[in-house]
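Enquirer: Chains as they are written, first to last, in the numbering used here: chain A, 43 to 364; chain B, 43 to 364; chain C, 43 to 364; chain D, 43 to 364.
Calculated from the structure, these hints are not laboratory results. There may be inaccurate statements among the hints.
Treat identical chains as interchangeable: a pair holds within one or across any two.
Straight-line C-alpha distance at most 25 Å; calculated BS3-like pairs for lysine-lysine [as the list claims (entries may be wrong)]:
#1 255 to 60
#2 188 to 255
#3 211 to 96
#4 188 to 282
#5 96 to 239
Please read these numbers as outputs of a predicted model, since none were measured by experiment.
4 protein chains.
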Amino acid sequence: MTTEHREITFELFHELYKSCSNWGRWGEDDQRGTLNHITPDVIQNAATLVRSGKAISLQLPLDGNGPQTGAFGRVNPVHQMVATGTDHLAHTQTYSSDPLGWGFADDSLFLFLQGGTQWDALGHIFRDGVMYNGFGAEEVTATGAKKGGVENFPTVVSRGVLLDIPRVKGRDHLEPGEAIYPEDLDEACEKLGVSVKRGDVVLIRTGDMKARKDLPEWGGYSAGDSPGLSLSCAQWIHDKNIAALATDTWGAEVRPNELPDTFQPLHLIMLVSMGLLVGEIWQLDDLADDCAADGIYEFMFVGPPLHVPGAVGSPLNPQAIK
Amino acid sequence: MTTEHREITFELFHELYKSCSNWGRWGEDDQRGTLNHITPDVIQNAATLVRSGKAISLQLPLDGNGPQTGAFGRVNPVHQMVATGTDHLAHTQTYSSDPLGWGFADDSLFLFLQGGTQWDALGHIFRDGVMYNGFGAEEVTATGAKKGGVENFPTVVSRGVLLDIPRVKGRDHLEPGEAIYPEDLDEACEKLGVSVKRGDVVLIRTGDMKARKDLPEWGGYSAGDSPGLSLSCAQWIHDKNIAALATDTWGAEVRPNELPDTFQPLHLIMLVSMGLLVGEIWQLDDLADDCAADGIYEFMFVGPPLHVPGAVGSPLNPQAIK
Amino acid sequence: MTTEHREITFELFHELYKSCSNWGRWGEDDQRGTLNHITPDVIQNAATLVRSGKAISLQLPLDGNGPQTGAFGRVNPVHQMVATGTDHLAHTQTYSSDPLGWGFADDSLFLFLQGGTQWDALGHIFRDGVMYNGFGAEEVTATGAKKGGVENFPTVVSRGVLLDIPRVKGRDHLEPGEAIYPEDLDEACEKLGVSVKRGDVVLIRTGDMKARKDLPEWGGYSAGDSPGLSLSCAQWIHDKNIAALATDTWGAEVRPNELPDTFQPLHLIMLVSMGLLVGEIWQLDDLADDCAADGIYEFMFVGPPLHVPGAVGSPLNPQAIK
Amino acid sequence: MTTEHREITFELFHELYKSCSNWGRWGEDDQRGTLNHITPDVIQNAATLVRSGKAISLQLPLDGNGPQTGAFGRVNPVHQMVATGTDHLAHTQTYSSDPLGWGFADDSLFLFLQGGTQWDALGHIFRDGVMYNGFGAEEVTATGAKKGGVENFPTVVSRGVLLDIPRVKGRDHLEPGEAIYPEDLDEACEKLGVSVKRGDVVLIRTGDMKARKDLPEWGGYSAGDSPGLSLSCAQWIHDKNIAALATDTWGAEVRPNELPDTFQPLHLIMLVSMGLLVGEIWQLDDLADDCAADGIYEFMFVGPPLHVPGAVGSPLNPQAIK
């Protein structure tokens, strides 16, 4: 867009932080945030969007080729076998004398819960000592989150909408540092023939993952500069009453961040003020190709986190069902 | 059921292993097995089962209170925080001088992939040196599964059916050692007013999890005696052309196992011969209560594994959508 | 001992906490605590104690059979292979075509640093917000210990002394709840013909490990009642100017603890006030048998922690060299 | 050295593999290999080398700054806190109401056992299906090593000798690809005034760690080209009857390897044929500086592995005591 944007200032931040707040909206004890927008009618409607009968995975493979390079101490997952087919072949397994020839393989995984395709839980982000709905940061200790844990999202089923920004702009991908403004979101809805409704899971594609995933160390994808949402999208997100938002970037918002000396300021509004479910490092390319082919940018969405009590994030294999 | 059952013998095993085989059915290179039963029409139909607009999680919480007690080396998952709210409060985090008061929490998880609610991948079980479709056990080494990995199941969306066996029998739960026979499955379908169709995900509840999960060390739930499927169900499963089967027990089949000196013989038929997707340690109690309340035992099912390349099993948060 | 002991009161605690303090003794920045007692002459003398030329390991095997049962979230270590001989045999390894027939095995370990035979670092224990020498507890965050880390103990070489309390008393082991008083330590020195000197590593055997290690879940060894040091030993320890102390119990001090509603009060004096190096879960039985056989209860001791920067504890394989 | 070296050929390998063999030397069941050279007199003599009373650590810090970059799946260790000082300050710990103000910190470590300063166990390397002394590779499965595990080395106490090759040659460090020949070892002994004796732990410094440890990703230190021992050193090592050998490189031998299409051929002779204890990634710089200062290149050495049953390698904090 070539239009002038409102200047991004600390005053704007404070204004949006206040105007977008959902504190108390669903009760003082609420820990589900914008998931409350998903009422039964939303789920009923979502199911009607299943037309051709296909399901598309939105998960980046969870392995050593992931984007983590040590920022925030995060490393890519480590998958280890604890029983193998070769042990079976060497007749060294416990059941090697089974008269029916039984053998097995088994495995473990060590992962950072936010190292790949993931949901942030509301206990992931604090501002001035509190998280969403005013719960104190002291609820999240070395033993886990007593408030704001991912277990508050046992199910995430809704209508999904894909806003494929680079496709709308006739480009392969946005550039690091390039912000997405509310006008871009509106333009995408219009050109892609889709509207955003209450309870939606809105998937915003920048092309950043596709552009960088094969570069050495992902070319700075993780914690580096990236395309993403401008702080000024906060009001748009809030007004649409969406349930969740996910992108194919490391951190959802544009980087370098728009306010000097700050880190991920939009997160403060999305997670702390709104209680919005935010997804990152999503693989939206397969879905984007499919939507471009059939021209349909809405679908049923199913993507619950793993039920890990006290966790502040979770991997998932999100499904777009068309 | 009080009817006489066919005697469970090694001859029967060999007969069923042969008659239930899907090797080559979907090509020599197939690694998806019975997921091939899920054609687009199956997914389209599944979506029509969403009526009241509610989603129910079928995952047992994935934490230190799980059923693992060391069998097969498996331990319950270890969840660890790598950034905390208390660090934020103590102003010790990297962004402690953020002008907007930014803070965060982050975490990791170490888990056995089959330690809680999970899918078996087809590379999990071997017989005489091979897995489903004849792939050699040497494909599964200490570096992971080159064949039969869980990445072959990127999406699992279908119709789900719950067969609540104890409810049909007017009991709280089946007993350890108590087998479920094909007649029991048919009886459940009839009494619950549901039929099993091609491509279905069939959930078989025994009540075993509910009965033992609060006992010390789960009362032998893991790798001990348990209710479950008789070997004689193999033909029923095969003939129904179902896509997947899951239970609320540790190992799906009745234990002690029905053939002397064998370990989990039905697994050999289900995974190696059929290529069936098998789920274990599923929390079916919430769903069972809901189905009992509305009398509807069919629903849309969405339950993909995590996309962990080369893994032979995966945790998941399965969703029943009604 | 049947003598009357001084009553263990909160007043006594406060008195000892003050009288045993080493804060500032080796400078305001000191993080080595009582290791400062090990001067070159101590090491020179220690080497002269090597007579018969034998070395004895004091480490409990670090594996799944260890004492941890979940207290403080600690679990026994998980050892996993990441390359195996069976993979080599199946010709599936990277170098399977090596003309010289090369193959290899490799492995990983996940462990709680204080789960087995270990040293406590000084950053392990706090009192009222501070650790040894007054460093603030905020130095120990989710990213590790900036003060009081185990890296401050790069070497631990000194004279070692074994005080085998049950042997002195003609018993197999002390009982849970049975306290060791200063008089018992003096009695042991006298009967075993050994004196305790500046810089010593004093090993105090209770027989508790031997008595319980083969019981199911170690019979409550970990975090349960146990024999151990009375709070009243603090002054004895301080006056002897020893460098370190280790026992064959879970927590060094007698349990139940001697002051109501407190947890491990002697730790506060030993670690926070004195800056004493404390070892727990040591396997002293082999050494005890050897000392009983030759009547020599002093030896050269070498037992550095692993150099894990920022860790508050470390496993080790301590060596008694006679 | 500028002398002509014997040509390194496959014939030489086979000749050395045979001539250096210790199979059967200490019995058919022996799993200690060259540690058998450490007899009591060796330990007695070693203790006499303690003169100035100082101990020097030879361990590289075991943390995320280590040399691992993914070769063989190895990653640097992950240290995680499970209890923190900040939790204590926030009064969120279990014992937050302790009348004496008790608080604590605790931590865990996930590490590749050969990821930093380490000993190879004899089960680490195979040749044509067997390890040292002819034990079959099938002894090392996904559940660990039944033969050749590191638990066979409960103590490692002996005389240590440092051969500081670059210092002898008046250089800072050897170059990647630069081989050390027997003549170089002899030259070092002569110029440094030290002889190598039966039972010794011989530390061979190349300067490679110091030269590369601060480069991005250690400049290819791990699994890349490096200075190291020529295959032709095998006979020298064998004839000296040393107990162990350790270097400051990733893999002890010169890389690229000297025989075409082979990987680490000297390992086959050292570990499989000889049963030699081999250490890698040792930090020898502090010791080298000390030896250069006092001109004494022999010392007491104490460096047992951790007692991890069934492990094929182990980290350690080796101690040179002078």
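Enquirer: The structure should be examined with respect to each hint, and the outcome stated for every one.
Expert: For each hint, the structure was consulted:
Proximity of residue 255 to residue 60 under the C-alpha cut-off of 25 Å is found in neither arrangement, the shortest distances being 37 Å within a copy and 45 Å between copies. In this assembly of identical chains, the alpha carbons of residue 188 and residue 255 lie at most 25 Å apart only when taken from different copies (22 Å versus 35 Å within one copy). For the homomeric pair residue 211 and residue 96, neither the shortest alpha-carbon distance inside one copy (27 Å) nor that between copies (37 Å) is at most 25 Å. Proximity of residue 188 and residue 282 under a CA criterion of 25 Å is satisfied in neither setting, with 30 Å inside one chain copy and 45 Å between copies.
For the homomeric pair residue 96 and residue 239, the shortest alpha-carbon distances inside one copy (23 Å) and between copies (19 Å) are both at most 25 Å.
Checked against the numbered hints given earlier, this structure breaks hints 1, 3, 4; the rest are met.
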